[in-house]
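Student: We have chain A; now place chain B onto it with these hints.
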Amino acid sequence: MTDPRQNQAKSEISFTVNDEPRKVRAYPMERLLDVLRHQLELTGAKEGCGEGECGSCAVLMDGTLVNSCLIPVLQAAGTSIVTIEGLAAGEQLHDLQKAFLECGGAQCGICTPGMILAACHLLNGKSNPTLAEIQEGLSGNLCRCTGYSQILEAVREAARRRRSA
Amino acid sequence: MNREHIIGKSVPRKEGRDKVTGKSQYVDDMVLPNMFFGATVRSQIPRGHIRKITFGPGVAWEELVIVSAKDIPGKNCIALIGDDQPCLATDVVNHPEEPILLLAHPDRHLLAKVVEAVSIEYDPLPGIFTMEESERLAQIIWGQDNIFKTYMIEKGDVDSIWAKADYIVEGEYSTGAQEQLYIENNGMIAAFDAAQGITVWGSLQCPYYIHKALMALCNLPAEKVRVVQMETGGAFGGKEEYPSMIAAHAALLAMKAGRPVKIIYDRLEDMAATTKRHPSRTRHRTAVSRDGKILGGEIDFTIDGGAYLTLSPVVLSRGAIHAGGPYYWPSVRIRAKAVATNTPPHGAFRGFGAPQSLFAMERHMDRIAHTIGISPVEIRRRNFLQPGQATTTEQVVREPINLGELLDRALQLSEYHSKHLRFNGENQSGDVRKGMGIAAFLHGAGFTGSGERYLSSVVGAEGCADGNVRVLVSSTEFGQGTKTVLSQIAAEALNLPYENVSMAQPDTLEVPNSGPTVASRTVMVVGKLVQSAALGIAQTLVSSGLLHEGYSRDEFRIACQQHVATHGQFRCWSRYEAPSGIFWDDEKYRGEAYAAFAWAVYVAEVTIDLTTYSVSVDDFVALQEVGKVLHPVLARGQIIGGVAQGIGFSLYEKVIWQNGRMLNGQMTNYIMPTSSDLPPIRVFFEELGNVHGAYGAKGIGELPMDGPAPAIVNAVEDALGVRFDSVPLLPEDIMDGLNSVRLSASSPQNKPSSVGGAR
Numbered sequence: 001m002t003d004p005r006q007n008q009a010k011s012e013i014s015f016t017v018n019d020e021p022r023k024v025r026a027y028p029m030e031r032l033l034d035v036l037r038h039q040l041e042l043t044g045a046k047e048g049c050g051e052g053e054c055g056s057c058a059v060l061m062d063g064t065l066v067n068s069c070l071i072p073v074l075q076a077a078g079t080s081i082v083t084i085e086g087l088a089a090g091e092q093l094h095d096l097q098k099a100f101l102e103c104g105g106a107q108c109g110i111c112t113p114g115m116i117l118a119a120c121h122l123l124n125g126k127s128n129p130t131l132a133e134i135q136e137g138l139s140g141n142l143c144r145c146t147g148y149s150q151i152l153e154a155v156r157e158a159a160r161r162r163r164s165a
Numbered sequence: 166m167n168r169e170h171i172i173g174k175s176v177p178r179k180e181g182r183d184k185v186t187g188k189s190q191y192v193d194d195m196v197l198p199n200m201f202f203g204a205t206v207r208s209q210i211p212r213g214h215i216r217k218i219t220f221g222p223g224v225a226w227e228e229l230v231i232v233s234a235k236d237i238p239g240k241n242c243i244a245l246i247g248d249d250q251p252c253l254a255t256d257v258v259n260h261p262e263e264p265i266l267l268l269a270h271p272d273r274h275l276l277a278k279v280v281e282a283v284s285i286e287y288d289p290l291p292g293i294f295t296m297e298e299s300e301r302l303a304q305i306i307w308g309q310d311n312i313f314k315t316y317m318i319e320k321g322d323v324d325s326i327w328a329k330a331d332y333i334v335e336g337e338y339s340t341g342a343q344e345q346l347y348i349e350n351n352g353m354i355a356a357f358d359a360a361q362g363i364t365v366w367g368s369l370q371c372p373y374y375i376h377k378a379l380m381a382l383c384n385l386p387a388e389k390v391r392v393v394q395m396e397t398g399g400a401f402g403g404k405e406e407y408p409s410m411i412a413a414h415a416a417l418l419a420m421k422a423g424r425p426v427k428i429i430y431d432r433l434e435d436m437a438a439t440t441k442r443h444p445s446r447t448r449h450r451t452a453v454s455r456d457g458k459i460l461g462g463e464i465d466f467t468i469d470g471g472a473y474l475t476l477s478p479v480v481l482s483r484g485a486i487h488a489g490g491p492y493y494w495p496s497v498r499i500r501a502k503a504v505a506t507n508t509p510p511h512g513a514f515r516g517f518g519a520p521q522s523l524f525a526m527e528r529h530m531d532r533i534a535h536t537i538g539i540s541p542v543e544i545r546r547r548n549f550l551q552p553g554q555a556t557t558t559e560q561v562v563r564e565p566i567n568l569g570e571l572l573d574r575a576l577q578l579s580e581y582h583s584k585h586l587r588f589n590g591e592n593q594s595g596d597v598r599k600g601m602g603i604a605a606f607l608h609g610a611g612f613t614g615s616g617e618r619y620l621s622s623v624v625g626a627e628g629c630a631d632g633n634v635r636v637l638v639s640s641t642e643f644g645q646g647t648k649t650v651l652s653q654i655a656a657e658a659l660n661l662p663y664e665n666v667s668m669a670q671p672d673t674l675e676v677p678n679s680g681p682t683v684a685s686r687t688v689m690v691v692g693k694l695v696q697s698a699a700l701g702i703a704q705t706l707v708s709s710g711l712l713h714e715g716y717s718r719d720e721f722r723i724a725c726q727q728h729v730a731t732h733g734q735f736r737c738w739s740r741y742e743a744p745s746g747i748f749w750d751d752e753k754y755r756g757e758a759y760a761a762f763a764w765a766v767y768v769a770e771v772t773i774d775l776t777t778y779s780v781s782v783d784d785f786v787a788l789q790e791v792g793k794v795l796h797p798v799l800a801r802g803q804i805i806g807g808v809a810q811g812i813g814f815s816l817y818e819k820v821i822w823q824n825g826r827m828l829n830g831q832m833t834n835y836i837m838p839t840s841s842d843l844p845p846i847r848v849f850f851e852e853l854g855n856v857h858g859a860y861g862a863k864g865i866g867e868l869p870m871d872g873p874a875p876a877i878v879n880a881v882e883d884a885l886g887v888r889f890d891s892v893p894l895l896p897e898d899i900m901d902g903l904n905s906v907r908l909s910a911s912s913p914q915n916k917p918s919s920v921g922g923a924r
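In order, the protein sequences belong to chains A and B.
Numbering of the first sequence is given in this note's numbering, commencing with residue 1 and proceeding in unit increments.
Numbering of the second sequence is given in this note's numbering, commencing with residue 166 and proceeding in unit increments.
Here chain A stands alone, though its shape is the one from the complex (with noise of 0.2 angstroms):
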């Protein structure tokens, strides 16, 4: 039967997902997401759209927040990913998850994983965000539940949290 992607090869590629390295075959131009999804049961990261729009599926790569709807396999090689199953160590959850839970950050959870790893993104670069900041640095990931205030202060007590770890 007619493949579409009958012109390439499958290539072997290389990439570090949660601190693990990994070795996936996969045709280059395959989305990230669905070698997160399929071939490495990594099911966190969502689809929402399929269009970086709502950044369900958005991962940390190399530290910036992609959406791994857009991005080609290829791209990935050699990064270092992390998804949504890498921020709780063991059973201890990351400062973000535990503010989302407290502060009703998380409804029906789909958009969840990205937020949280938008959210890491953000405080990874600014210690003390600004509401403002806040609202901008998460307006890539759509949430239909929330109308957004519990995750923002969520995002909010997490940062106050970690300064004054």
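If you are wondering where the hints come from, they were derived from the structure by calculation, not from laboratory data.
Possibly wrong hints are sitting among the right ones.
Here are the computed lysine-lysine pairs in the PhoX-like style, where the Cα-Cα straight-line distance is at most 25 angstroms [stated by the list, open to error]:
hint, chain 1, residue 1, chain 2, residue 2
1, B, Lys793, B, Lys314
2, A, Lys10, A, Lys23
3, A, Lys98, B, Lys377
4, B, Lys389, A, Lys10
5, B, Lys278, A, Lys23
6, B, Lys314, B, Lys240
7, B, Lys174, A, Lys98
8, B, Lys314, B, Lys377
9, B, Lys314, B, Lys217
10, B, Lys320, B, Lys217
11, B, Lys389, B, Lys240
12, A, Lys98, A, Lys126
The calculated label-pair distances, taken between Cβ atoms and stated as ranges, are [as the list claims (entries may be wrong)]:
hint, chain 1, residue 1, chain 2, residue 2, range
13, B, Pro552, A, Asn18, 55 to 63 angstroms
14, B, Ala630, A, Gly90, 26 to 34 angstroms
15, B, Trp738, A, Asn18, 41 to 49 angstroms
To spell it out: a stretch of chain A is covered by chain B in this simulated footprint if at least three of its residues, at any positions, have a beta carbon under 8 angstroms from a beta carbon of chain B; those stretches are [claimed, not checked]:
hint, segment
16, 45–51
17, 144–151
Every residue gets a Cβ at the ideal spot worked out from N, C-alpha and C, and that includes glycine.
Tutor: Positioned in the frame of chain A, the structure of chain B alone reads:
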């Protein structure tokens, strides 16, 4: 005994840890061995006869499982209220995107190409795409007259009041379609084997709706159909009825393929093919006295149901009952009508008809105020329902609600008066205009009228072998906090720690039919049943001598363990019984429409940029009486989230239609608010309690959808002095409105239709 209360505490969300760690299993995260992927071939035209289906070249069709209506073992319909909607079209299509064929293949990436290789030839028929075309019978597309349903609510003698009126104020208001836009698209997995029958796992609100639809479609008995809810990534009504269609499709493919089949819609398909909020048109004609009292009026409420009946009668009912708002009408006649058009069926969306009719009511209140020369505050204050007075359906307000005080508090919280005064001064010059707008409203909780009696919901509580308690309901979690709050209720009833109560996964094999998760009924109605089923566990333990009243938590655990060890499975059930003294007449649409109403006053502060014509909401006060707040964080989250959707409905979200098809089915061109677009949404509660709800709770989920649109558009009129009577209100609409006022500066706005009545 010193009781530690769980009700009223913001305990951690039951499934929260899995959600923040990415462990939650949504349907697309689930993989079954040998699974195929399914896709849907849909109508490309709005209306016509299917003439010929061709399977094009370049595809190894023998590798595909192909399902048409011929493969349906039972009845070719999606059973809901009516049986008019086919599961797969046979010879006629009635809307764009109507399903015709189903395909399955092991490679999901190939399917999109394969769908394109199916070509369908049609003999097109003319379609109708607006309520007006439907009403004037441009084509008959449904029944004899294109009308799905009508209601009439009549109170007092409206015909006699026009002569007594000092003013008669008329207005027409409309609202557009709105996409629910849950971030998780619809999806379903089905598996079939002859012994067990069909099982579906999916993203859904109402397991037993799907159960009923699959029984009819597959011609299977109840025990051969199993529906399991996976973690569901948002719903808002959008996963109330359409999941039955997707489950039906997955089931048919799985039966034919002999292996599990997963169907996951992409965003474009989800937006184009599934339900949206019903577009509406409301006409008001109101008789008002010189001192601003409503004497009576006529309200005509019409909604566009799309091509099939689906839930339109129920949406219409709620819209009609809410059409009079929180006001006292000495006399009123409400005519409501749902009409057919050749668009995909419109369906459930948070608020369910009420946001539409309340938008009209609350815009009209401002129009009345401007017409007779009193303030929007005063017109509302003078007409609020008081305890002892009856609503439009003659339901007497029995609770001590004081809407005047609610209004005062909202005005104070929003600094309405001082800002209003200041903006009036500042609006004389500069590049921006500012305004304040109010909306007062109510929202009925639970099914309408005799609905809860027909549902006859059942809830179970199970004492488990480890001494903990498990709640058995078909009520689903999709972000609102169902699992958390129902656990709190059971824990409170049994005086157990929250951690000792768990929720069974909604699975029709396991949980009873506690009704659909809709209509703001879960906490109030199902919660009350959870409370009584849980108490049944304690009572059984006490009456069997294993436990004494005033037990400790350890004593409960041991008694429960002993009961299970001796008698095996230990479950108590509770079935809904209508409260006594509740009267509802389905024929006349009169009586106790809802067991409880939540009440609210919202205030919006807006700025309009006169260069870009964009509106920004600068502050939003949401004050409501919702009975007892059982979980402050979740309750606040519901209100903020609802207001945000309401702001989208008002200012951003416009479905662009062309011949019944949505043209902007992407997140790039259908715009919902981002974190940068929303104001601080300040939430305040009053808590009067409610005798019918668990621990005094009323419904809360839909309420916040009703207020933002009228509050915001009222504020825009306040800022600009120009009337806008439709949502969504986009910058281009504001530009057009301002330009047309400039052009016809001589025709004053707010001129009463007639002054002095016929006296």
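Student: For every hint, state whether the structure bears it out.
Tutor: Taking the hints in turn, this is what the structure says about them:
A hinted pair counts as satisfied when its Cα atoms are at most 25 angstroms apart, and Lys793/B with Lys314/B does not qualify at roughly 36 angstroms. Only pairs whose Cα atoms come within 25 angstroms are accepted, and Lys10/A paired with Lys23/A is accepted, the gap being roughly 12 angstroms. For a cut-off of 25 angstroms, the pair hint linking Lys98/A to Lys377/B is broken: about 40 angstroms separates their Cα positions. Our distance criterion of 25 angstroms between C-alpha atoms is broken by Lys389/B and Lys10/A, whose separation comes to about 43 angstroms.
Restraint check for Lys278/B and Lys23/A: not satisfied, since their Cα atoms lie roughly 29 angstroms apart, outside the 25 angstroms limit. Using a Cα cut-off of 25 angstroms, the hinted pair Lys314/B and Lys240/B holds, with the two alpha carbons roughly 24 angstroms apart. Proposed proximity of Lys174/B and Lys98/A is supported: the alpha carbons are some 18 angstroms apart, at most 25 angstroms. Straight-line distance between C-alpha atoms of Lys314/B and Lys377/B comes to about 23 angstroms, which keeps the hinted pair within the 25 angstroms bound.
The suggested pairing of Lys314/B with Lys217/B is violated, with an alpha-carbon distance near 34 angstroms, which exceeds 25 angstroms. Restraint check for Lys320/B and Lys217/B: the C-alpha separation of about 54 angstroms exceeds 25 angstroms, so the hint is violated. Straight-line distance between C-alpha atoms of Lys389/B and Lys240/B comes to about 16 angstroms, which keeps the hinted pair within the 25 angstroms bound. Distance hint between Lys98/A and Lys126/A is fulfilled; the C-alpha atoms sit about 19 angstroms from each other, no more than 25 angstroms.
Taken as a hint, the range 55 to 63 angstroms holds for the pair Pro552/B and Asn18/A, whose Cβ atoms sit roughly 60 angstroms apart. A beta carbon spacing of about 29 angstroms between Ala630/B and Gly90/A agrees with the range 26 to 34 angstroms that was offered as a hint. Between Trp738/B and Asn18/A the C-beta distance comes to about 46 angstroms, which sits within the given range of 41 to 49 angstroms. Counting residues of the segment 45–51 of chain A whose beta carbon lies closer than 8 angstroms to any beta carbon of chain B gives 7, which meets the minimum of three for the stated coverage.
For the segment 144–151 of chain A, the stated coverage by chain B is satisfied: 8 residues place a CB nearer than 8 angstroms to a CB of that chain, which reaches the threshold of 3.
The structure shown violates the earlier hints numbered 1, 3, 4, 5, 9, 10.
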